[in-house]
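Listed in order, the protein sequences are those of chains A and B. Residue numbers are given in the numbering used here: position 239 of the first sequence equals residue 355, and the series is strictly consecutive. Residue numbers are given in the numbering used here: position 22 of the second sequence equals residue 56, and the series is strictly consecutive.
It is worth saying that the hints were derived from the structure and are not from the lab. All residues carry an ideal CB built from backbone N, CA and C; glycine is no exception. The reader is advised that the hints may include incorrect statements.
As the list claims (entries may be wrong) - Pulled a few chain B residues facing chain A out of the computed Cβ check, cut under 7 Å:
1. VAL51
2. LYS54
3. VAL64
4. THR113
5. GLY127
6. ASP136
7. ALA152
8. SER160
9. GLY161
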Amino acid sequence: MRRLAALAFSATLLAAAAGPAKSAPPSPAAPSSRLDEIVSRGVLRVGSTGDYKPFSYRPGAGADFVGLDIDLAADLARSLGVKLDVVPTSWPTLMKDYADDRFDLAIGGISVTLDRQKKALFSLPYLRDGKTPITRCADQARFQTLAQIDRPDVRLIENPGGTNERFARAHAPHAQLTIYPDNVTIFDQIAEGRADVMITDATETRLQQRLHPGLCAVHPDAPFDFSEKAVLLPRDLVFKAYVDQWLHQAEASGALARQVEHWLAYPWGLYTLEQLMEQRLAIGRDVARAKWNSHAPIEDLPREAQIIGQLTAQAVKAGVPAPLAQRFFKAQIEASKTVQRHLFEQWTNAKQGPFADAPDVARDLRPKLDALTPRLLHALAQNLPVLQDASRAGEVSQALSPLLSSAVVNDREAAQQALMPLVPLLPQTAEPPLKALRAARIYPAPDAAPIDDGVVLVRGDRIVGVAPRSAQTDSLPSLAPACDGGVVTAGFQNSHVHLLGSGFANAQTAPAAALQAALTKLLTQYGYTTAFDIASDRDNTLALRERVNRGEIAGPCT
Amino acid sequence: MIPTLKLLDYELAKDHVPQKEADRILQDTVHEFGQFAAAGGKVLFGTDVDYMSDTDPTEEYELMARAGMSPMQILASLTTTPAERWHEQQRRGRLAAGLDADLVVLNGDPQQSVKQFANVKSAVRSGAVIFRR
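Okay, chain A solo, but in the shape it has when bound (with noise of 0.2 Å):
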């Protein structure tokens, strides 16, 4: 004992005999993975395509991504403790942006490759998959074995850079082969006949299959070879260890399996219906071009008629009741206007001269606005059931709500103008139900008069009267039997807070259960129900506050 303790001791005069001799102290905690980069920074970068539904998907630039592996991504973050960052990359520089560090991890249906696997690290797998064929659902039969694709009258379409261009050139050499470069629209071009089939993973041919009615996954269940998608990784095998003991529980608490059913059923057809909105808006802004040049009005009434008087015989050919259609297409007309309206504003006080290259309205702008409509009818026809479901009201306004950030509309008025019909065909719900919250006394206010046995009357977040007990008030339903029978007054207001400590580090990131018990012990145990945070980390008490607010945690509004 007594040697240990001078050797230590001695351990010690050397690390300060040492220290002045460099510049810093040799750091004892210096990072020795990247999970404590990564943990230090408060960041996770995650690289992904947001070209591939159901596991990334990024509706425009400045958007959001949301898919499976998003949530993966946000859920991995969370249990760091991080921030998640999502960097933009794409397959054909995805091993490019790898080797630059652009990301800490890259994540979007991404399959395990020997090639890939030469430069990076790869978790463990989270799903199986293989590539099989999707085509029209009248040609399956054409299309079910490798033979019968690798023919040069067949016309196979892939996207650029990938295992599945891969895969088609190296197995169905004979067919025509067209790399298309866009993986939202590329299913379009078989289900318009400008292509006959693709090959590309089970996952996505189940998916599609549901998006386009048209077209046919062949024997999902039985694909040509067998792969596996799993999360790209830097050569650091902590990290590696960390990301695969998080994905087994998820895996073993059946989380991941939640997860992937909740994105294969996941309305993804809104997310077309609300790019052909965005599509028609901003040719809006062509019209406005064409329309200073020719200083036309910018309302058209007889062309709005025109347009919405042969709605009626489209809608009803596509499957949207004509009321519906009607209300829809005027309301993108309006938007469109609005467009128009708040272009002209601004040109005419940035004294705008005519524009060189102005569209003109009849010859290059109408045809377009007039093939967009029964894209759109179609898109309204297909979501309809979707748009009918309460229950499904969050997903609606997720996949709709990026026309509001639209960089190419630009204009938040004229989307919301836009969605407007959309709204009502949810359900409205009931209004909340009158409950009451009954007190032994009451104190209205400091300068009232107390009310003894009396009641506080609420509707959903609201008070709606101060009465004392009637016969009336004890029908009602009680707010919350543990409120009741006390001495109550209006929520109390702590005007001078601090949100320091360790409970409140991290609160966008931070488990809702720390600091619910964090804000429950310092002030909502007292009853404030408002408290001033004065001179503490603003960011960090700002996303506290949105977390609260989104009712995540229970708190006082700060």
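Use these hints to put chain B onto chain A, whose structure you have.
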């Protein structure tokens, strides 16, 4: 004005000021604050919690009462005065139709003892229970 009287007591104890001396300083401060309140000064309640590790506001309420504030004046410092100061009297600060359902349920009557302000049975914000004992 946000008195944070308990904080003074807390700081005096932290700096090992002799008890007698500390009592005198606190008494002077309470007295001075009482004159401010009696003269009609606007008082906002605040405790500086999470700077002080002790979160219990009971002592603060007692010190405010010792300075001469009535229970209803203390209630005002917790409700109507801050609502006015933040220009939110149309939304909160009292129990009346149309205002936010932000409520506190106490186990006892603060008119009997100001300690009851800290004896909270439950708290409701926007119609939802955020705390219950």
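Against the structure, the hints come out as follows:
Nearest Cβ of chain A to the Cβ of B/VAL51: about 23 Å, over the 7 Å cut. The hint is violated. Using the Cβ-Cβ criterion of 7 Å, the hint placing B/LYS54 at the interface with chain A is not satisfied: the shortest such distance is roughly 29 Å. Taking 7 Å as the C-beta contact cut-off toward chain A, the hint placing B/VAL64 at the interface is violated, the least distance being around 18 Å. For the restraint placing B/THR113 at the interface with chain A, the shortest Cβ-Cβ distance is roughly 4 Å, inside the 7 Å limit, so the hint holds.
Interface hint at B/GLY127: satisfied, since its Cβ lies 6 Å from the closest Cβ of chain A, which is below the 7 Å cut-off. Interface restraint check: B/ASP136 against chain A, minimum CB-CB distance 3 Å, threshold 7 Å, status holds. The interface hint given for B/ALA152 is met, as the beta carbon of that residue sits about 6 Å from the closest beta carbon of chain A, less than 7 Å. A least Cβ separation of about 4 Å between B/SER160 and chain A falls short of the 7 Å threshold, and the interface hint therefore holds.
Interface hint status for B/GLY161: upheld, as the beta-carbon distance to the closest one in chain A is roughly 4 Å, under 7 Å.
In summary, the numbered hints that this structure violates are 1, 2 and 3.
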